[in-house]
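Number of protein chains: 2
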Amino acid sequence: MTRFAPLPEPPYYAVIFTAQRREGDQGYGAMADRMVELAAGQPGYIGIESTRDADGLGITVSYWQDEAALKAWKQVSEHLLAQKLGKTRWYEHYTLRVAKVERAYDGPEGR
Amino acid sequence: MTRFAPLPEPPYYAVIFTAQRREGDQGYGAMADRMVELAAGQPGYIGIESTRDADGLGITVSYWQDEAALKAWKQVSEHLLAQKLGKTRWYEHYTLRVAKVERAYDGPEGR
Numbered sequence: 001m002t003r004f005a006p007l008p009e010p011p012y013y014a015v016i017f018t019a020q021r022r023e024g025d026q027g028y029g030a031m032a033d034r035m036v037e038l039a040a041g042q043p044g045y046i047g048i049e050s051t052r053d054a055d056g057l058g059i060t061v062s063y064w065q066d067e068a069a070l071k072a073w074k075q076v077s078e079h080l081l082a083q084k085l086g087k088t089r090w091y092e093h094y095t096l097r098v099a100k101v102e103r104a105y106d107g108p109e110g111r
Numbered sequence: 001m002t003r004f005a006p007l008p009e010p011p012y013y014a015v016i017f018t019a020q021r022r023e024g025d026q027g028y029g030a031m032a033d034r035m036v037e038l039a040a041g042q043p044g045y046i047g048i049e050s051t052r053d054a055d056g057l058g059i060t061v062s063y064w065q066d067e068a069a070l071k072a073w074k075q076v077s078e079h080l081l082a083q084k085l086g087k088t089r090w091y092e093h094y095t096l097r098v099a100k101v102e103r104a105y106d107g108p109e110g111r
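Top to bottom, those sequences are chains A and B. Quick note: the first sequence uses the numbering used here, first residue 1, plus one each step. Quick note: the second sequence uses the numbering used here, first residue 1, plus one each step.
Derived from the structure by calculation, the hints contain no laboratory data. One should not assume that every hint holds.
Note: identical chains are not told apart, hence a pair may lie in one copy or across any two.
[Stated by the list, open to error] Pairs of lysine-lysine residues, derived as DSBU-like cross-links and limited to a Cα-Cα distance of at most 35 angstroms, are as follows:
no.	residue 1	residue 2
1	Lys100	Lys71
2	Lys84	Lys100
3	Lys71	Lys84
4	Lys100	Lys87
Since the model is a prediction, treat every value here as computed from it, not as a measurement.
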């Protein structure tokens, strides 16, 4: 299974979430899997890319067709719970940036 | 040292580079360090966030004040060499997206 998101024709939106985890799982793994599953079923969802190193710094970028889609996702009730637990339990620090993708390509050789 | 980029007032640009490494270092580590150092000295550079997991999937997001800054960085000669080696030697696959950051925040508690 590819860990790359699709590359539709821009414009579309990216939500760049960079986060430093605290130590210990504390239910994070199961919730993260559930959020990926839940996001994939939302209207306007394009895809997600996510990785985290051994020191607990992760970057997750989710892609959405338009602002309405990402705003709706932010308000999904299970996701609201995950956001709350992120603040209180899982993350030492995080940044979230909403950005409009203007151009995109892949490589090598457009694979 | 923080691994988070600064959070200036939007708008500014993000370059989202997601890449699957091939096996073996092949000079990658030294070049990656040099590129971080070199980028930091470029006009319009804001910051960089980067992480990679044990399976070799990495996401690097660099932030730039405007399009002119990121276009100039793309053409820096040492960076052109790194791009070439990325295609021929280091990366199994990659995607690159240029996106305009519209809003951003951090947490918990704005730390």
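Hints and how they fare:
Taking the shortest alpha-carbon separations for Lys100 and Lys71, both the intra-copy value of 14 angstroms and the inter-copy value of 17 angstroms come in at or below 35 angstroms. Taking CA atoms no more than 35 angstroms apart as the test, Lys84 paired with Lys100 passes in both settings, with 26 angstroms inside one copy and 27 angstroms between copies. Only within a single protomer do Lys71 and Lys84 lie at most 35 angstroms apart by alpha-carbon distance; the minimum there is 16 angstroms, versus 38 angstroms between protomers. Proximity of Lys100 and Lys87 under a CA criterion of 35 angstroms is satisfied in both settings, with 25 angstroms inside one chain copy and 26 angstroms between copies.
When each numbered hint is compared with the structure, no violation occurs for any of them.
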